[in-house]
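Chains X and A supply the protein sequences, listed in that same order. For the first sequence, my numbering assigns the number 1 to the initial residue and increments by one for each residue that follows. For the second sequence, my numbering assigns the number 1 to the initial residue and increments by one for each residue that follows.
Mixed in with the good hints there might be a few duds.
[What the hints assert, rightly or not] In silico DSSO-like cross-links for lysine-lysine, where the CA-CA straight-line distance does not exceed 27 Å:
no., chain 1, residue 1, chain 2, residue 2
1, X, LYS7, A, LYS7
2, A, LYS443, X, LYS42
3, A, LYS146, X, LYS7
4, X, LYS250, A, LYS68
None of these hints come from the bench; they were simulated from the model.
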Amino acid sequence: MKLKRVKLNKKGVTYEGFILPQSNDKTIVLKLENGYNIGLSKEGTSIEELGEIEVLPKTKETTQERGEIAILSMGGTICSRVEYKTGAVFPSTTPGELMHNLPELEKICSFHTKSLFAMLSEDMAPKHWSIAANAIKEEIDQGVDGVVILHGTDTMHYSSAALSYMLQDTPVPVVLVGAQRSPDRPSTDARLNILNAAYTAKGPIAQVGVCMHADTNDDYAYFHLGTRVRKMHTSSRDAFQSIGVNPLAKVDFRNELFEPRCNYDDRGGKLKFNNEVSENVALVYTYPGMNPKILDSLADYDGIVIAGTGLGHVATDPFKAKNVKRVLPEIQALCASGIPVVMSSQCIFGRVNLNVYTAGRMLQEAGVIGSDADWTPEAAYAKLCWVLGHEKNQKKVETEMMIPIAGDITPRSVV
Amino acid sequence: MEEPILKCGIEIHQRLDTGKLFCRCPSTLSEDEKPDLQIIRNLRASESEMGELDRAARLEQEKQLDFKYDAFRRNCCLVETDEEPPLPIDHEALLLVLGVAQQLNMRVVDQVHTMRKIVVDGSNTSGFQRTALIATNGFMETSQGKVGIDTIAVEEESAGILETEKSGLKHYRLDRLGIPLIELATSPDIVSGEHCKEVAEKIGMILRATGKAARGLGTIRQDVNISIPQGTRVEIKGVQDLKLIPKIVEIEVNRQKNLLTLLEKLKGVQPEENPQVMDLTEIFANTESGLINRGIVSGQRVMGFRLQGHKGILGTELQPGKRYGTELADYAKTAGVKGIIHSDEELSKYKISSEEFTKLRENLEVGEEDAFVFVVAEEGTARMALARVKERAALREIIGETRKVNQDGTSAYMRPLPGKARMYPETDIRAIDITQTTLIEAKQRAGEGLDAKKKKLDDLLNPEMAKRMIKSRHLKTFEKLVEMGVEPMLAAATLEDTLVALRREGVEIKNPETTLSDLFEHYLKGEFVKSAIIEILPAMAEGKGVLEILEERQLHKISGEPLKKLVLEHNKNLGEIMKNYRLRVDAKEVKELMNSL
Ligand SMILES: [Zn+2]
């Protein structure tokens, strides 16, 4: 990118510096000699051009020989840097550029990088999970020791769940990693997270998971099971938490520590690959006073996941109280039309149970799936997208949904 | 040699008494409080938007990168711990800066852009200090003509360092982080040390006149920039006492002059390409030197190298009591050693024997005109320290430095002058458009300004006291007391004279504003007389209440009937009455009474 060097004159005062691209019709944004940016309104300003400079990010020449670890980039803060036009963070860093700032990585493993997408994770759709799963499979087929996926944090837990279904019995670790502080900051968590993720990718646990800061300190990380991890804070380093289970492992590459915290799958499994997905599944959060029409509008979907209240409830109104907006008839109608309707809980922690209250029983009778499952709404959604990718029969979908895969449903809620 | 023309400017940082700049925490401090949370973080300098890594930032990077922080619930939130994006800028702080900018005839920018100034010494959890340039191109009138005000910015205060642990881990406290600072820099228009002091004083007064300048130790800091022809800009940081400024300027001018003379002497001496750093530990196997022996016993090494053609150079005095060798030592210290030992020193003060000295010269192949330098430290530290010394000694010009002021007015090298590459846009905060309405609001918020305030004081006080009060850190308290109804001269004298007199006796009034408000509230009710004030205050300093003190010391004012009785008892002898009841009666009232009886 080129920046113009100029001398601006405004009411007798001259300003010298570079014109930055976030300037618009009204305002010129100038980078002054002293490093500050200021905005000056164009009105009454004369501009004298002094020259131009080329500003290019330094990229390390990566020879791209194949390494032990494949680092695949799907975008997100972890691959972001400043975008000049808006002055905002935008995903644009190539993995090669990122690794330039991580000399320690070479000490952990040899690696090669590949950019799949440069996108914000909130923009992702099930199709992107499929493409990523395919890229990972190709890497596994070519014999890598592990895969690290750079990913935006907002929907990283959806992707980790989806990849858990698509890449069952993976023979090598598949480690998703993100950053809550962008890599252009000295305090970024990207560095420690990536290094711990690479260390995990070389480790013994051949499962799909998320590796992120364990707490607010810059010391160790946790490797979380892909189907049971969730972003639980908007901004903190330790936003990712295992829901209802222990993390798979504590990871601290600086002290060469890799400490499994529960039973895990060893390396060497035989990959069961299936990346077909339905892109026509809804995830609905219910709430007091929800208009039943919302459910009516879902009749064209392949499947629906509800994040219900408590044990997995919606307004069923068994006692015929006043002023209740029942949504039960709409759910009954959806189920009757052959659409799988799956229940999860907006409590996040705990198990769905449709046997305790009349409301739950009425939902079960209507055909709602999910009683006794302790899945997260996001894992249930990713699972339904995946199951519907290869199975449309409502009964068979129900059966398949309830079979635990990659630890998404646990048999017992451990104290 | 002709007196060199001085180029001097000053930079002032004043803490503001508003909420924190980028979060909604109060700007309070937590001295001696137990932290609610301790965290460990690691910082790494990143590249700036222009793609260069700043020299000062790079130097910090070589050092320890782990830091420890104490956080307190009552004045720290996730913004201070770098766990949450910043909130919009504190509106009051912005208005104050805009107001001061207008008072200083400055040109306010049309749109304020918050920047990140990269600082990886750990004093900011984010690794940068947020700062925004508000205005440029102003000036102020001084006794020596106009002095330009180049820039005014608002920025966040850094975290305060508690200690550097033995392991090298720096330990900070987060309460101070994020308190707003006005940063104001003058042009290099200052012509002398005295002038510099005048400018600093006047800016301080202007800032205090807003009524929102924080008070107390460390709330205002001055950095003085000095250069002479053929010299270069040197920034002397951390000037607390304005009275010291003329001396600081004089010493720095002389230091640069002395360096120029020294460089003249070094003209023919080429810096050695790669002076060999040698391990000299063997020489001191049986040393008498406690310093060296202690080091060796604890596993440290003695390492040094030769400086060709430097005999006598290291001993040249640059500042009072500080030689060129000290300058090199200051560079070495930035690598973590305690100091250096060099051949222009009296080595016997370290109990280094002449035999050891000879061996040192032999080992390092020191010739007649050469000098040598060595350090005692762990090998890595020693090598880094010597590399710094080598780099400094190879310079054949005066380079820009940031220096730290010492109490005697001399200064010591801290780090290279930070360059402009430290700036990076703060992407989490949107640019703020400055409208006419904002500017008018700012004018009102920042108050009437220094000149108007001066005029008001001239009306209230005698000229001498008015002059003192405008400079006083108690100005705000004075205004409050006057507003309460206290006679201006009494309020001023209590603040400026009584408090000082008490401090000399070791009585410290911790919070003058609340204590004096309390005292004068009772005074205005007629409970005691003026002369009792100096008796009451020391007891208040111990935490006692006014009524309790009056009771205990029998200081209640005598007036009305009891006073009449007293006057009659003493046969209207004023001298006698005042002698015995000075602390309890009002002379004026006694006189009036005597006349009426
Ligand atoms: Zn805060």
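To see whether the hints hold, each was checked on the structure:
1. X/LYS7 / A/LYS7: holds (25 Å)
2. A/LYS443 / X/LYS42: Holds. A/LYS443 to X/LYS42 sits at ~25 Å (cutoff 27 Å).
3. A/LYS146 / X/LYS7: holds (25 Å)
4. X/LYS250 / A/LYS68: At roughly 22 Å apart (the allowed maximum being 27 Å), A/LYS68 and X/LYS250 satisfy the hint.
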